[in-house]
Structures are given as structure tokens and as C-alpha cells.
Amino acid sequence: MSEHLLSIVLFTPLAGMLVLLLLPGSNKNLIRIWANIAAAAGFLVSLPLVFRFDKNAEGFQMVERYDWIPALGVKYYLGIDGISLLLVMLTTLLGFLAILSSWSAIDRHLKAYYAMFLLQQTGMIGVFISLDFFLFYVFWEVVLVPMYFIIGVWGGPRKLYAAIKFFLYTLAGSVLMLLGILTLYFQHFEQHGFYTFEISELLKLDMPLALERWVFWAFFIGFAIKVPMFPFHTWLPDAHTEAPTAGSVILAAILLKMGTYGFLRFSLPLLPKASIDPWIVQVMAALSIVAIIYGALVSLMQDDWKRLVAFSSVSHLGFCTLGIFALNPNGIAGSVIQQINHGISTGMLFLIVGVAYERRHTRMISEYGGLAHVMPNFSFVFAFAMLSSAGLPLLNGFVGEFTILQGAFETNRAWAAFAVTGVILGAAYLLWLYQRTMLGQITNPKNLRLPDLNLREWAVFLPFMAWALWIGVYPKPYFEVLEKPVAQLVERVRPDYFAQHALAVQAPAPGAVEAGER
Amino acid sequence: MSQFYTSTDHFVLVPAIMLALFGCAVLLFDFFLFPEPRQRKRLVWFLFAGEIFTAAGLWRQQAFLASEGLPEITAFQGTLTVDGFSLFFNWIFVAVSLLVAIVSWRYLEIEGEHHGEYYGLILLAQCGMYFLATGTDLITLFIGLELMALCFYVMVGFLRERKRSNEAAMKYLLLGAFSSGLMVYGFSVMYGLAGSTKLRAVAAAIASRDAWDPVVFLAMATTAVGVLFKVSAAPFHMWAPDAYEGAPTTVTAFLAVGSKAASFAFLMRIFLGPLETARPAWEPLLVLVAVLSLTIGNLAAITQNNVKRLLAYSSISHAGYILLGLIAGNATGLKGMAVYILVYAFMTLGAFLVVVALRRENLIGEDIEDMAGLMHRSPGYAVLMLIFLLSLAGIPPTAGFIGKYYIFLALLETSHYLLAALAALYVAVAIYYYFRIVRSMFISEAVAAPPLESTVGLRVALAVTGVLTLAIGVYPEPFLRLAQTSLVR
Amino acid sequence: MADTILFYIFAAFVLGGGVLTVTRRNSVHSALWLIVSLLGTAGLFLLRQAEFLFAVQIILYIGGVVLLILFVVMLVNLDETARLRQFNKAWWVALACAVVVGIEIWYVLNRGLETLEPGEAPQTAATIEGNTERLADVLFSEYLLPFEIASLLLLVAIVGSVVMAKKRI
Amino acid sequence: MLHPITNAHFLVLSAALLLIGTIGVLTRRNMVVILMSIELILNAVNINLVTFSRHFGDVHGQIFAIFVITVAAAETAVGLGILIALFRNRETVLADEVDLLKW
Amino acid sequence: MVNFLDLIWLIPLFPLAGAVTMLLAGRRLDPQPPSEVALAPGVAAASGGNGHGDAHGHHPAAPGRFLISLIGPGTVLLSLLFSAGAVIQLAGLPEKVHEVVKYTWIPAFFFHPAGGGGARLAADFGFLLDPLSAVMILVVTVVGFLIHVYSIGYMGHEGGYYRFFGYMNLFVFFMLTLVLANNYLLLFVGWEGVGLSSYLLIGFYFHKKSAGDAGKKAFVVNRIGDAGFIMGMLLMLATFGTVRFVDVNAALAGREPETGFGVLSAIALLLFIGATGKSAQIPLFTWLPDAMEGPTPVSALIHAATMVTAGVYMVARSSALFALTPQTSFLVAAVGAATAILAASIALVQNDIKRVLAYSTVSQLGYMFLAAGVGAYWVAIFHLYTHAFFKALLFLGAGSVIHALGGEQDIRRMGGLKDKIPVTYRTMWIASLAIAGIPPLAGFFSKDEILWQTWSSPLGSKALWAVGVVTAFMTAFYMWRLMFLTFHGRPRLSEEASRHVHESPPVMTVPLVALAAGSVAAGWIGMPKIWTWFGEGFRLFEHWLAPVFAAATAHWHAHAEAHHDVSIEWALMILSVVIAAAGIALARHLYLVRPDAPEAIRQRAAPVYNVLYNKWYVDEIYDFLFVNGLAKGGGSLLSRFDAAVVDGGVNGTGWLTRFTSTLSVWWDTWVVDGSVRLIAFTVKMFSYPARLLQTGYLQSYALVILVGVAVALGYYLMR
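Residue numbers (my numbering), protein chains in the order written: chain A, 1 to 518; chain B, 1001 to 1489; chain C, 2001 to 2169; chain D, 3001 to 3103; chain E, 4001 to 4719.
So that you can see chain A by itself, here it is in the shape it has in the complex (with noise of 0.2 Å):
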């Protein structure tokens, strides 16, 4: 059982999808019922990995590794660091909520609506702990048909322009992602003498700096896309704003960190030289902070809401990715912290336009206005929502940003200033935001009778709402379940860079919440 567990996290949505599959059609509740108990034991099940963690230990944990296709050298090859740790209880836990949230939202072919999101569940979780390439690849590709339809039969009036686009955009990216994979593949036959996709295997790769810069490249466009990293991100607006209420909250709280997940699990371990290559890290960085203050300028000027939000991503996510290639611990950590924020924060921003969206049918934000007079709770959560994503310290946007900054500032001063003005900017547009929708007067007669928030809404905003605080408030878990891998991350890429700064790699002293005089 417990040497199966991430098996089992994997395959529970999976299994609660067939089962859905088998109940009938006609009976909606049914459906939903059943859909909610998939993905809350789809949540349940993973809750034992955070206990059977175990912070201290090197490497992969929980490490399942079969045969799945010897001809190809495919291993059906499990395990979790502390990076993919905290992006599938991420994944579990959001997927749970976003499920939860649909209740109401979606009330066609319900049946084939959670089967996808259900389906896409493992698919994400299954990017998440796969330490076989090969694996990981079917994941990655599993998780766009899902959302494809999620958002082609269940989203806005330009659903299917958005649903083609977000598909045609990832897949070319993933196919020349394929590429690189096969490379490595390639030279590790050529180098070892046999074929093998698993993670382990390759990192004894010692590729020229050539090479390994083109298929740095090869990586870089499967995974920027998903990121999305600046000039990739056209697909991003259209997609978030056209899908339902929870397909833009997992597009945009878990599809998205697949990409920097890449990057974090493959690009930089696997190709060292490229990774610190002046050029390549130059190119990430000055995309980075385009895109966050790109991004940011861009949802300033947005009169979609969802739209807005849906661009404030692209900032967000130039904070993550500055973060990567800052390529010391500081930078690494707080980028997948900030990945974690991103999902939780934007979630939530996503959730919210989405309650909105079922009372009034409209995404405009001139046909809101006043919003706090007749929804004061919604007002509140949203307040919180928005603090969290500008980075309001003792909520937990600050923590990541701060210590992207940190990692950024330490590479190159000039990058955390402009990356600085994100924090500005974000300010900007997400006050101004709020402003617009919940402050002033109700201008529209339609506003002045809609209800507060239910039950079920509060369920799935209040554990958004603890996560947010408890990141903010008390971190240090995070940073301690990520201090191996990073730390790890850093060797590999910069081998120097431990014993040049005198750093012991090592957790701060256990028990660390020390009361009393210092």
C-alpha cells in the first residue's frame, strides 16, 4: 500500500472518472456528488505524502520504478522531491476545489465536464512525479485534451478560437520539447550504451555546450509556452477568459506550472552548461521581466475582468521564471514558492470573477460597480484574494516575491529593480480593479439584488483563504521541505556555487520556532 501511494495519488481521479462514466447520465446530482467524492479522495489519498515526507533525505521519495516499455527503455518510474510535493497537493487540493466550484457553474453534459477534469487530474498530477521523460511526456500531452474541451464546449462566446489556440500553441511547443527529450535519449545511448528516458540516467550526460544549447532551446519552447514566458503568452488571455470559472483556475493555477516545473525538473539539471550559459540566462531573465512588466501594464488596461487576471498571470509568472534563472537557492526556492502563491492567489482571482460571472452573465467590468454594498462577504474575499496576489506581506504573494527578489538581486542588481515595479504595478491594476467592480456606487440596477455568498462558495474560497495565510504567516515548512531540492538544483547547475559561498547545505536547527531572548 504505502510503496504504492503515489500510484494511488495518481490513479484515484482516474479510477473515480471511470466510475463516472458507468453512472447515468440523467441524474445530474448523481453526477456531481460522485465527481466531488472522486476528487476529494483524490485529495485524501495525497494527504499522506506531506506526513511521509521526509525533509531531510536526498533525492526522490516514494520511488515507484517498474518496467513499462523495455524496448524502449521506458520505466514507468515514480518519486517526489520537495518541489513536486508542493505542487500536487497543489494540484489535489486545487483540482478538489475547482471541482467543488463547478456545482452550479456548469449545468450541460455534466457527465462529460468532470470526466475531463477528472481525466486531467492525473494527467497533472502524473507531470508531477514522473521521473521517467518518456512518462512524463504522456502526462504532459494527457493533461491538453482535457482541457481543450473544458474549455471548447464549456467556455465563453470565442470558446473555440481559445480552445484551438491554447491546444495548436502548447502542442507545437511540446512536439519540439519531444525533440530535445529524444535528443537526450539519443546521447545517452551514444554515451552509456543503452537506451533509457529515466531522469537519473540522464543527468550522467556530458553533452557539448553546443548541443546541449539547442536542445536547452528545443526545451525552452515547450516549456516558455506553457509558462507562459513573454512572447508565448498570446495564447494565455484568450484561453483563461473563454474557459469556465475552474478551467481558468487550474489552467492557470496548475497547467502553468507545469512549464516552470520543466524547467526546474529537466532543463536546468539535465543541461548544466546551457543553464548557466551568460546568453541563455540573459535572454530568461530580460523575458522574465518583460513579462512582468508586460504583463502587468497590459492587465492595467483590460476592461475584461477575467482578462485582467488572466494577464496579471504573465507578470506572476515572470516572477517565477526570473526566479529559476536566477539560479541560486534563493531565486529557486521562492519561484516555486511564487508557483504555489500564483496558484493559490490567481486561483482564487479566477473563482471570484467566476462568481460574479454566475449571477450576471458578464465579464465587463464597467457592468459592475458597487459590488461591496450587496455582497460585503464576496467584497472580503475578494479584498483578500487581491492582497494576496500584489504581495501584502503576512499573505503569502510577499514570501515568494520577496524571495525571487532576493535571488534575482543577488545575480544581477538591474534585474530585481525593473522586477521591482511588478510590485508596483500590481498594486496598480488589481486596486484599480477592485475599485472598478466592488467600490463606488452600484451604476447598474441588475447589481442591487444579487446574493452574497453561499456555503459551497465559502468552502472552496476558506481553504484558499487558509493556505494564503498560513504561507504567509509561517513559511518556513516550505522552505524546509525545498531546501533539499534546491540546494540539490544549485549543485547540479553551479557546481562551485556551495563551497565559492560557504554555505552549509543543511536545514536550519529542527524545532526551529525558538521563543525567548536571542
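Hint data in this document are derived by calculation from the structure and do not stem from the laboratory.
Do not take every clue at face value.
[Said to hold, decoys possible] Under the rule of at most 30 Å between Cα atoms (straight-line distance), these lysine-lysine pairs were calculated in the DSSO-like manner:
{"#": "1", "chain 1": "A", "residue 1": "Lys55", "chain 2": "E", "residue 2": "Lys4102"}
{"#": "2", "chain 1": "A", "residue 1": "Lys204", "chain 2": "A", "residue 2": "Lys55"}
{"#": "3", "chain 1": "E", "residue 1": "Lys4529", "chain 2": "E", "residue 2": "Lys4462"}
{"#": "4", "chain 1": "A", "residue 1": "Lys446", "chain 2": "E", "residue 2": "Lys4209"}
Place chains B, C, D and E on chain A using the hints.
Here is chains B, C, D and E on its own, set in the frame of chain A:
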């Protein structure tokens, strides 16, 4: 020359004999035993029987090869060679013929052209395919090819009252004859080079010459025309969309899968046999052909509204992918070709079978619009079609991905980086038109039409293709091993 | 010497017949010129000591195929067909292209032909034995299999043409 | 003055005939004539085959030629059958009027 | 005996508990009437809504409201008691420093070359009580408590009562966190948190667009400063490897002042940028006057007494750093002086009672920075402390006036109120004397000390002193202009207002009196050195803070002592009092004796008046530069956005960001997305040629085949 028709000869020929025997039997029985149209569906059973015997013959060959540990059995003084390669393809032919046959009778009934000749032609065409996969002699290959082609000409035109069917058959025949005329010209030159029609002798003769020998080149170029025509690679592809569209859909499926697979077997026999040593000369040309096929196939498919036509263009692009395996030319590439052909067979067949399923009295069911809302009318078909389309596009975990995987890997292994990137990018283009169908099925509002009723045969065929398409994707191991055996030559 | 002259005569038959086949407005005429071309080919077969093939050419080709063609031409030939344009609109493109291909083939042949010329003359031996006997020997031993397949081919051709051409089956 | 006839003569003749046939296939509108042109192409092949047969002093080439003739006959038969079916439906045998299937 | 020192972490938590209680349960305790639903006037008519709720409509006093009134000030009182206990115990310690670390907040690696290797940053949840934070927590809790009490009366009739106290408690929590933090990062938590509370409270009347705008402006402008603060912290980390005050000071110990603009100056400058945002200094001061949209107690507590002084506190807290950076210090002093005189000049002519006070606050904050800039950190804190009393009192008094007049804020429509609201009048009278710098009121001591330090400090200069003196004159003048216009002379009230006039209830007046007492006496613990006859006990403030600033003053102290000249100090002191008196007198002359004179002067000095009245056109200058300049030069494209800008009425920076973001949207739509669409378009376009080949004519197909052959053979020939 002493003894002809030895027991080895017989052993090698058994499957072909069975095919021919049952083919003729169908023709005969059609005339004499089942004059009533309603009885004709029983003719299917002849076909089944023929396939079973054929399969038995193949199985014995396979078992013999395995038990004796032989790489191959040659017969008729080198005219036929049974090896892993031929068996691999023959198994595909058996499966494809069976699947096509069991869905055909209902389709033809709807079309009002249900005749026994049809099943006979299937069997005889398969007989031709058998020789294409097994033959190692120019004459045998040529005759086999023509046997298959003639059957297809007739089958494509089988809906005699339909103008489109006539036209498709006419075009296919004229162009086919023209291209095979050019091809056989090439054969004649090959014969002139070697003084023998045996591939082995031709190979030896060509190997003794320079790779860039003008005569060899002439032979190669003209032969390639005929071969590439049959596999519908650009720029020799142009018959394919028309023939695919005009032919009865079941025939289209057989044409797109069986004929193409057989032609690729033929192509590999030629290019990896006699022409192998002239690789420097033909490789650049094939690169051009492959790129053109990918480009034209994918681009032209984007704006198609007829599903069959769209699939025709997609099959052109698949031909391009398979050719890339040949261009790479290493073990991975060749294995990739085999795997690709295998998965191509099932996914394409499946896609066409869904189109077959859509055919009803008043609805042709070939336009993308006809699939609108299929998800809500017949979710099973829609989901299956989705799987086939995903596989055609090469999205894991479906079979198509495994095929593309090998092709890409082979290209990278042989440093064809640009080709690999191009081939990869065309996957994204392909997804665009495949997803036009998906969009229609899943997202468009349903047109008012009753759900499709289906026959047992259709269900079985779809289930088999669907399961295989998924199975090859999820657990490809046994299939890869099968493909591995096809390399033993 | 005689061979040479005969060759040129037959070649003139072949090419002239061919050209006229392609260019005659009336398809009946085309068919007749085709016969001329095929006869010329048959003559060439004789020149190369392929007597059996000569016979096959005359009987099967001219007697069978062309008659079949003529029959169909008569069947479907509408008078106005002959009055219409006989070449399609893009004929000059095709012609130009064919000429290019012709030049290319000629060029290629030119460079490679000497490698196809006989070093010594083994053909003398071939003339001694009866051509037809040898042919039969080889055909029914080494090429028995293609021969059998060819029978299938013809069966298919018959069935196919019947299926296609008959109104009701 | 008259040099002896070599293989080259035959091969060039064959190539010429091939071209003539090709031009016929490409330019003539009447599909019956196209079929005839294909016969020309196959004849060119046969000339080649017989030439080489003679060259090698064996009969393989001639046998090949027999098969080619067989195939030509079979193709013609089926082609004419299809042509008749087409003509019955369309009242035409002109190649460029048969263009329902395109694009 | 409770060890208050180890419980200092509880001090901020009491108000937090109050805030959480109120924000979570408040609406249950104090059910809101539906009249709170506000609707734009036009829509209201159309939909039958009853419009903007009457701010002064009386609600039935519910028991829940009472509970709120108890919890709100009560939690602050608890903090006050704990603070007092802790400070008393602190005074008994030999070291006078006490640090409590609860747990590590943000742990991370950080590399700094200066530290000779690596170090770990661990920003803790740690609290530091030393004399400086002791002063601050006392000011915050005392003033905060009084204002909370006052608010019970002032906000009693408002909707969202619970919300108000919730936000106020939240503010106190963050403010106490800010002053008790033991490291910069935690200080930043409070720093941002008070900004948030300020945002929430400015926008308390959220149905008013102006309130929302002001709140947003405050937050965003503060964020600009915060960005500087963050960068400062990062640079500090890179330099010292820590953000803990004690460690930073330890790292600085033994360093010599920088001669040029070095890394220390850079850190100090970046921190100061943060301070200019929070403390409304040039160039980031524009938000504070707008912040007067909030309820008056908010203005008193946040925008006068506590939050805006956070910048001063932070500079004082970083005194060891600033003392080493003469260039940045000079900049601090210069900015302070410039802000002081600029804001004072604006205050001269404003007519809104709260705006006058707001500019006065900006001006007084400038004084504090002036003091800090010249190295007189204890004086800066001293002024902060006295200012807290009289400025809070002034605001609360103004609130009382507004309350009395039913919302009237324009001093031109007041007058003659001194008898109708006597308590308010008298307390404000005291406060005005105090701010004008009349001895022996609190303001005198602190302001005089600032001027003297500016004159005498090696970091100061005569020019700065002159600016200070002029500002002092202006201060006296505008304050008394305010007093005379409000309370003296002929009543100019509207009919309705004059019927409405009444003295505030005791719950409001008692805090006024208490603060008045403070305004009188608070300065007595910081008497000038030359008043030796009072004894050292009256110089308690300086001694109390001395250990905190010991390191900072060490560099300059010896130097300063040498220059200490008693007679000059006396002369200057008298001069400043005279100047203040002159200001008062002039105000009396113009506004009481000859009420028509101001109008005449205004006529004659119209340009000057207009410049001052329009706040030196600071907002407008930005507007002019960016809006009109760019719009006229930028042609049609830019003019399209111009309309949006004028319409939006936002200030220049806001406009600029919006302009660039519009450009970005444009870029995104047409260039980035456009190129993608172009690719899609091209692909589709190529689809047609690919199809066009497929003419349907079999001979063209054959032709293509032949072309294929031709190409193949051609390739061979061309090879």
C-alpha cells in the same frame, strides 16, 4: 530448374493460394449459389474462412521460422521470400481485410451495390498484397502490384451508378497505369543492369556500380515514380484525395490502409534492396518528397470539408512521415517505418470506419458538418473518433505517438535536425485540421438526427481498431517486438 | 546491314505510329495508328530474335487489345467528340515538360549507355536454340508463379470489366 | 556509313516512344486515346526488355515483356469497363470534363 | 509580577484579535440596514432605490454595537497597558534592550561578499523593545486609544461601525508590528500593513468615488516608495547579510562615514525613498491630502499621529546607517526642509479645514526629516512624539467641528463657533499654540530643538535653518488663520448648519481634553540644554533615547559639542518665538481685525495665490508634461488615449502607466498576437495553393507526376 513447385514453394505459397482459392470461390458462388441479393451477405463467411486459412498458413510460416531459427525462407528460386518483414505486413493485411469486410456488407447494402464480387476482389487484392510483401523478384512484384491495383480500380468504381465513383476509378486507373508504366520502365532498366529480375541479382549489379551511376539513377527515378505513386507521396499523390473521396468508404479504408501498407512493403523491398547502395542519390530526392508530402498533405487538409478527403490528405502527410524513417535509414528508422505503418493501419482504418458508420439512407455522412454533435447522438463513436484523431495527430498515449516517436528519434539519431523540427511542427498543423472534426463532433450543436444504429460487425471492427490504437499507445511492448522481427532480413 | 535498315524502318513505324496515335483527331484513326506502332514494335522484336513475343504482340496486342479499344471507341464515340478540341488547355505545358524530361533522359542515357553495351556477343548462342522452347522452359519453371498470378490478374480484369461495364449484375 | 545497330539505338527509340506516350497521356482529352498512349508507354518498356534480353542472351526479359503485355491487356480491359460505366453516367469520355472531384 | 517584557509580542496581537473578531462577527453584532445600499443618483431614481444612506441617520443602539464599542478601544487599551508595563520594566533593565523572537519567518540563503563568505538570512517574527520602540508603542497606544474612544462618538451614527473599528484595530496591529519589529523585513510587514489599513480606511466611504480614488492613490504611491524600501533591504542583505537591526548596527560599528556616495549611501537612499512614500515627502506627498477622504479619526490617527511618522521612525531606527552617509543625510534634510516649506505654503491658502491640517502634517513631517537629516535623531522622534499629541488633537477638534456643523468642512463657511462648541475651541486653541511653537507648550520644545540642531549640527546649515524659520512663521500663520476663521469673527454658516451646531458628546470631548493636556505638557521632558535650571529630569527624552542613537551620534557629537554656543542658542530661541508670535499676529490682523484684507491681497497677488491654492500645480505639472506634451506631439494615436486620461482625471504617473499599458495592449494585440495570427493566416493561405493544384483534371495530376520526374532527373543533372 530441375524441380519446380517443391514443398517449400508450397509452404510459402499457401496463404496466397488460400486467398486466391477463396477469392475465386466467392466469385463462383456469387453467380451460382446465391442469386438472391439477400443471401449475399453469407459470402462474407467465405472471406472469413479464406482469411482463417490464410492466417493459418502465415502462422505456420511464422512458427517454422521461429522454430528453425531461420531468418527467411526463399521459394520459387528466389522469387518469394518469407521473412519477418513479409509476415509482419501480411498480418496487417489479414487484419485489415477482415475489418474492412465485416463492415462492408451493410455499407454496400445502403449504397445498393451489394455484390459478391466485392469480397472476391478484397481477397484477390490481398493476394496481390501478399506478393508485394513477399515477392523478391521484379516480375512478381510487378504482377502483384498490378493484381492489387486492378482489384482496387474495380472496387473504387464499385458504385457504378455514382458519378464520383466512376470518376475516381477512372482517374485512379489512368494515373495508376501511367505511373506503373513509368515504374516498369524503371524495372526494365534494372533488368538491363542485372540481366536478372531477382532483386538480389539487381542489388548486386547496382552495388557494383557507382551510387551516382546515370543508368541506376534513371532506373531509380522512374521506379520511384510508380512506388511513390502507390504510397501517395507528394508530388505523386494527387490521385489519392479524389480516389478516396469517390470510392465507397469501405474501399477507401481498404485503399488507404491495405494498399498503402502493401505499397510501403514494396517500397522498402525496392529501396532497401536493390537501391540501397544508391542511397546517396535518392536520399535527397526522398527528403524532398517527404517534405512535400508533409507540407501538401498537412496544408491542404486544413481547408477540407469532406472527412474522407481530409483523411486522404492526412494519409499523404503520414506517407511523408513514414518516408522520413526511410531517409533516416538506420535500424530505428526502419523499425519506425514498420511501427508507423502498423499504427497507421489501425488508426486510419478506425477513422474511416467511423465515417462508414455515419452512412445512412439519406445522409452521406462525409462532411465535417455531418458529424456535428455526434457526441450527443452517439458518444461512443465520437469518443472512438477522438481517439483515432488524436492518434493520427500523434498525441500520447495513443498509438500514433509511438510511430512518430520512432521517426523523430531516427531523424535525430542521423542528425537530420531540421527535418525533425519540421516534422514536429507539422504535428501542430495537423492537430488543427483533425480538431476541426473534433470540434464538430463535440462542440457544435447537434443536428437533429437519430442516433446511429450500428451492426455487430461495425461494432466489432471499431472496438478492435479502437482498442488496438489505445493499446499500442499505452503498452506498445509486444507490438514493438513484432516490428523488431520485421527487421530481420 | 539489313538489320540496320530494318531497324530504321521499324523505328519509323513505331515512332510515326506513336506520334500519329497521339495526334490524330479521330480516335478510330488513333487506334489504327496504334496498330502501326505496335506492328513496328513487333518488327523490332523480330530483329531482336524474340519470335514468340512477336507472335504475342500481333495476336494479343493487336488482335485483342486494340480490337477491344476499337470496339469501345465505336461504342462510345460520339461524332462531336472528334470535332472538339483534341488537346487539353495545358497541352503546351505538358509538351514543354515532356520535352524537358526527354532531354534529361537522353542526357542521362547518353552518359550511361556505353555501360549497357555488350562487351562480347553472347547473343549468338541464343539464336541457335528455338526461342519459344527456351521461353517456355523458363516461363514454366522459374516464372511459373508470376504466370499463375497473371491468370488471377486476367480473371480480375474480366470480372472487373464485366462488373463495370454491365448495366445490371 | 550505316553503323551497326546497338543497344543504344533501341534504348533511345524506347525512350522516345515513352515520351510520345507520356505526351499523349498528358495532352489528349479523349480518355480512350490516353489508354492508347499508355499502351505506347508499355511498348517502350517492352522494347527495352527485349533489347536487354537479347543483350544478356537469355529470355527473362522476354518473359517480363509477356507479363507486361498481359498487364497492359488487363488494364485496358478494366479501364474500358470503367470508361463505359463512366460514359453511361456522364455522357463523356473527355478527361477534362471529369472533374467533380477536386480540391 | 507579569513579565511584560517577554510578552511584548502580545501587544500587537490584542488589536489583531479585535480586528479579526470585528471583521468576522461584526456584521452579526451590528446588522446593517438596507439603506447602506447606495446607488448612483440616476439609477436610484430609475430603480426606486432610496439613494445614499443618510450618514447621520440614527440607528437603534443595539447591544452588539455596544460590544463593538467595547472591543475596539478595549483591545487598544490592553495593548496600552501591556506597553506601559513593558516600558516600565524596560526602564529597569541595565541594557534597555529586549528582544523576543517567536519563530523564523522567511529563511533563505544569502550571499554577501562584504560579510566575508556566506550567511543565512532568517527574517524572524521577532520583537525588539528598546527606548525608541518604547516611545513609539506608547505614542501609538495612547493616541490610538484616545482616538478609538473619540470614534465611538464620532462614528456612532455611521454605517459600517464594526468595519471601522475592525480596520482601526487592524491598523493598530500593523503599526505596533512596525514599531516593535526586530528586523527590517518584519518592519516592512507593518509598513505595508499600515498602508493597507490606510487604504481601507480612506476608502471607508466606499460608495464615494473620490474616496476609492484617494485610497488607491495612497496605496499605489506608497508602493512606489515600498519598491525603494525593498531594494534597500535587498542591498542591505547583500552588504550585511542580515536585516536584523541589532546585527546591522553591529556590522556598521566601527565604520567611518562615507566620503562619497557609496553602498551605505545607496542603502540609506533606498530606505529613504520608502520613507518619502510613507511619510508623504517630496516627491511622493500628493497622496496625503487626498487621504482626507477618510473619516476624521482616521486622519487623526493614521495620517497625522502614527502611520505617516513611520518613515521618521524608520530613519531613526536606521540612524547608525544614516549617520555614516553624509550625502544621503543631507538629501534627507533637504527634502525635509523643502517639503516643510512647500506644504506650509500650500496650507496658507487652503479652505478645507482638514486639508489645511493635512498640509500642516506634511510640513511637520518635513521638520522631522530635517532633524533626522542633520543627525538629530532624538529630536526627530521628539517632534514626532509632541506632534502626535497636538496634531491628533487638531484633527479630532476639526472632526468635532465638522461633526458639529453636520459635515461642513469649508472654513469660509464657519466662524464664530467658539461659544457654541467651547470645549473644542479651547482644546484646539491649545493645540494651535503648541504647533505654532509658543512656549511652554509641547511644540515649542521640539521645534526649537530642530531649528537649533539645524543651525548647529555639522550636518546642518544656516540655509536649512532659514527655511525652518520661515516655515515656522507660516505654520503659526496658517494655524491661526484657521482658528480665526473657524471660531472667531462673524458666523458665516449655512442656515441648516447653524441650527445643527452642538457641542460633541463627552466621549469625544474627553479625548480632546486628554490630548490637550498632552499638547501642553508633553514637551516638558525634552527641554533645551540651556534651561539647565529645570534639572536633568526635564531632559529625560534625550537621555532615554541616547543609547539608541549612541552609535549614530558618536561621529558627530564631539564635533557638535565644541560648537555649542549658549548665547546663540538663546538668541535663536527667542527669534523663533517672536517669529511664531508674528505669524499669529499677522493672522489675527488679516482675518480678525481686517477681514476684507485677505481678499484684497489675493486680488493683488493673484499669481502667487493661485500657485499656492492649486498646490504648486504638482498634480497638474505632471498632467501638463505627460498629457498635453505627449498628446500634442504624439499625434492621433496618442490623442485617442488623451480622452481617457482627461476623463480618468488621474495624475501624471498614473496616466503615464496607463498610456504605456495601452501601448502594450496595442502591441500585444497587433504585434505579438498578430504575428501568431499571421503565421496561422499564412498556413491557411498556403493551404489554398496546395489545394489549387488539385484541379480535378487527371492530366494535371499526371503532369505533376511528370514534373516530379523532371525535377528528379534535373537534380541529377544539376548535381
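Open item on the list: Checking one constraint from the list: CA of Lys4529(E) to CA of Lys4462(E), max 30 Å. Satisfied?
Closed with: holds, 20 Å
Task: Holds or violated: Lys446(A) to Lys4209(E), with C-alpha atoms at most 30 Å apart - done: Holds. Lys446(A) to Lys4209(E) sits at ~20 Å (cutoff 30 Å).
TODO: Assess, step by step, whether the Cα of Lys55(A) is no farther than 30 Å from the Cα of Lys4102(E), and give holds or violated.
DONE: Since the Cα atoms of Lys55(A) and Lys4102(E) sit roughly 22 Å apart, the hinted pair holds (cutoff 30 Å).
- [ ] Could you grab the alpha-carbon distance between Lys204(A) and Lys55(A) and see if it respects the 30 Å cut-off?
- [x] holds, 25 Å
Comparing the model with each earlier hint shows no violations; every hint is respected.
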